[in-house]
Amino acid sequence: MRFISLLAALFAVILFATLIVLFIQPSELLLSKLSISDTTQDLGDVSTEGITEVNFTVINSSNRSLRIVGANMQCLGKICQKPKVDAIVVIPAHSEVHHVRLISFGAPGPFDLPMSIFVEDVTGLRTIELRITGVGIAPAKPPQQ
Amino acid sequence: MVRLVIAFFITSFFISIQSPLLLGQDETIKSFADDQDKKCNAIMNIMCNSSEIYQDISSDYSGLDKVGKSVHIISKTSFILRLLDNNMLLRMDLQDDQGTRTTVSAKNIHYGFYIDSKDTTNFKLIEIDDPVRVPDNSLYMKPTAESIRKYICKNYMIGGSFLGELIEREDLILTLNTNVSPWSLNILSKNLKNLQSMHGKIIEGNVLIDSDTKEIRSGQIVTVAQGKPYTMNFNNVSKKHGLLYLLERMDLKVYSTSDITVIPLNNTITTYRYNVTVRSDAEFRLSYYGLPEPEGISWDRPTPNYIWLLAGCGVFGLLAVLCSYLRRRNSRTSITKESAS
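Taken in sequence, the protein lines are chains A and B. Counting the first sequence from 1 gives a position; the working numbering is that position plus 19. Counting the second sequence from 1 gives a position; the working numbering is that position plus 27.
Because the hints were derived from the structure by calculation, they are not lab data. A virtual CB, placed ideally from N, CA and C, is assigned to each residue, including glycine. Some clues are possibly wrong.
As the list claims (entries may be wrong) - Far from chain A by the CB rule (all over 10 Å, computed), these chain B residues: (1) 120; (2) 149; (3) 239; (4) 321.
Said to hold, decoys possible - Distance condition first, Cα-Cα at most 35 Å in a straight line; then the derived DSBU-like pairs of lysine-lysine: (5) 364/B to 97/A; (6) 97/A to 255/B; (7) 103/A to 169/B; (8) 177/B to 267/B; (9) 220/B to 364/B; (10) 280/B to 169/B; (11) 255/B to 228/B; (12) 97/A to 228/B; (13) 101/A to 228/B; (14) 97/A to 177/B; (15) 66/B to 266/B; (16) 97/A to 220/B; (17) 57/B to 255/B; (18) 101/A to 241/B; (19) 220/B to 57/B; (20) 169/B to 101/A; (21) 66/B to 52/A; (22) 103/A to 241/B; (23) 177/B to 101/A; (24) 266/B to 364/B; (25) 145/B to 52/A; (26) 241/B to 267/B; (27) 220/B to 177/B; (28) 266/B to 101/A; (29) 97/A to 169/B.
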């Protein structure tokens with residue numbers, strides 16, 4: 020009887036210890052592992068001619084592959100933006116990828132463009148807000164002869 | 028002569044009491060619009076409660092383009108319309124010569140989202156937001172009761188608008204003639220000066236309405252697109268599905284009405300089919316499409332492992348206490364027996 024009692028107590032202690040370990044481990048996992056170095060970028064003076072590319076670096080600091088599962092595209096006033104890559108991007112463990120946005124201007128002037136990127140982090144789906152500011156400058160006209 | 032005059036007045040009187048124009052035309056149209064609304068709501072209620080009706084649409088666009096070149100495109104689109112509790116879903120599978128593209132706009136109790144795929148399997152996220160605010164993305168149909176209603180009740184619509192919406196427009200004169208069968212509704216615009224400001228709106232038309240089912244059967248309407256009037260001829264065929272009359276087929280011909288010539292642009296045949304298919308609630312969630320669920324969102328999952336561990340701890344703990352108690356009691360009993368002997 021004494022042996023059974025000791026064995027039961029031992030099992031209870033082992034299970035309790037496992038429980039504590041399981042509780043500690045997820046709390047460490049529940050921290051976001053994907054980050055973007057410069058979520059706000061001031062482009063300064065930008066020519067309104069053609070398409071402007073803006074580069075964001077997405078860093079995966081976890082032990083497993085994570086993904087960029089989407090990005091919004093929108094037009095705000097006369098300025099439009101969309102992601103350069105129109106597909107899901109896998110970021111291998113402990114590495115980084117470049118997320119490029121294509122910006123097109125319909126008119127010169129200051130702009131403040133918010134945008135979103137959707138990432139699969141270890142915690143689940145996260146929305147990271149990005150922002151681009153600057154001043155659109157119309158290209159200089161050639162001098163008339 | 029006097030008899031003739033009297034006969035004329037009596038005839039005129041009877042004609043006037045027969046004419047809906049002199050019998051409160053506005054009230055007649057309003058009551059008719061209400062009637063249509065009720066029928067549409069009945070369809071919506073049955074659709075909402077059943078949650079098993081899906082709509083497939085195939086379109087055949089053929090005819091001549093602006094320069095008279097022959098155009099023929101076939102596209103197949105299937106809409107899955109579901110309104111169940113807080114869940115709504117609009118799915119479009121568009122097939123054409125470019126391949127198949129799928130877009131899904133949906134919402135559940137936790138969030139609303141837009142996703143799309145170029146191959147019907149690898150979906151990417153376009154927008155996600157609160158289920159109440161569901162992001163308004165111009166590229167996708169917003170999963171709201173209003174947008175779903177417009178797909179369900181197409182046989183009560185005139186050129187994309189419900190009669191109630193046309194009544195509210197102050198620039199239109201609507202005349203409903205219920206003395207003929209089918210009924211005839213005439214639409215005329217009071218102000219045609221600035222067509223640029225009328226983009227997407229109906230400016231005139233004549234439609235025939237089934238007096239029994241209150242459905243729009245056929246007609247011709249003129250709408251405006253980028254300052255130019257377009258004439259649309261349409262012909263609807265509906266079929267009874269249980270208690271509901273649903274649009275089975277719509278033939279549509281669109282013409283560009285320039286000042287002199289009439290150029291046929293295309294000829295669309297749209298078929299609406301209603302399938303009864305039972306699907307799971309998982310379809311309203313991102314994980315169904317291979318995308319992660321937003322952080323902090325958990326759906327019904329099997330009992331977590333820690334619950335089983337906790338239960339195991341309890342059972343073994345109790346067993347240990349029980350064994351210890353039994354051991355002490357046994358030793359006490361044996362001491363008592365020994366002292367007694």
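Outcome of the hint check:
no.	hint	result
1	120	holds (18 Å)
2	149	violated (6 Å)
3	239	holds (47 Å)
4	321	violated (4 Å)
5	364/B to 97/A	violated (99 Å)
6	97/A to 255/B	holds (25 Å)
7	103/A to 169/B	holds (25 Å)
8	177/B to 267/B	holds (19 Å)
9	220/B to 364/B	violated (116 Å)
10	280/B to 169/B	holds (27 Å)
11	255/B to 228/B	holds (11 Å)
12	97/A to 228/B	holds (25 Å)
13	101/A to 228/B	holds (31 Å)
14	97/A to 177/B	holds (31 Å)
15	66/B to 266/B	holds (15 Å)
16	97/A to 220/B	holds (29 Å)
17	57/B to 255/B	holds (30 Å)
18	101/A to 241/B	violated (46 Å)
19	220/B to 57/B	holds (27 Å)
20	169/B to 101/A	holds (20 Å)
21	66/B to 52/A	violated (53 Å)
22	103/A to 241/B	violated (50 Å)
23	177/B to 101/A	holds (30 Å)
24	266/B to 364/B	violated (92 Å)
25	145/B to 52/A	holds (29 Å)
26	241/B to 267/B	holds (13 Å)
27	220/B to 177/B	holds (30 Å)
28	266/B to 101/A	violated (44 Å)
29	97/A to 169/B	holds (23 Å)
Hint check: violations occur at hints 2, 4, 5, 9, 18, 21, 22, 24 and 28; the rest are consistent with the structure.
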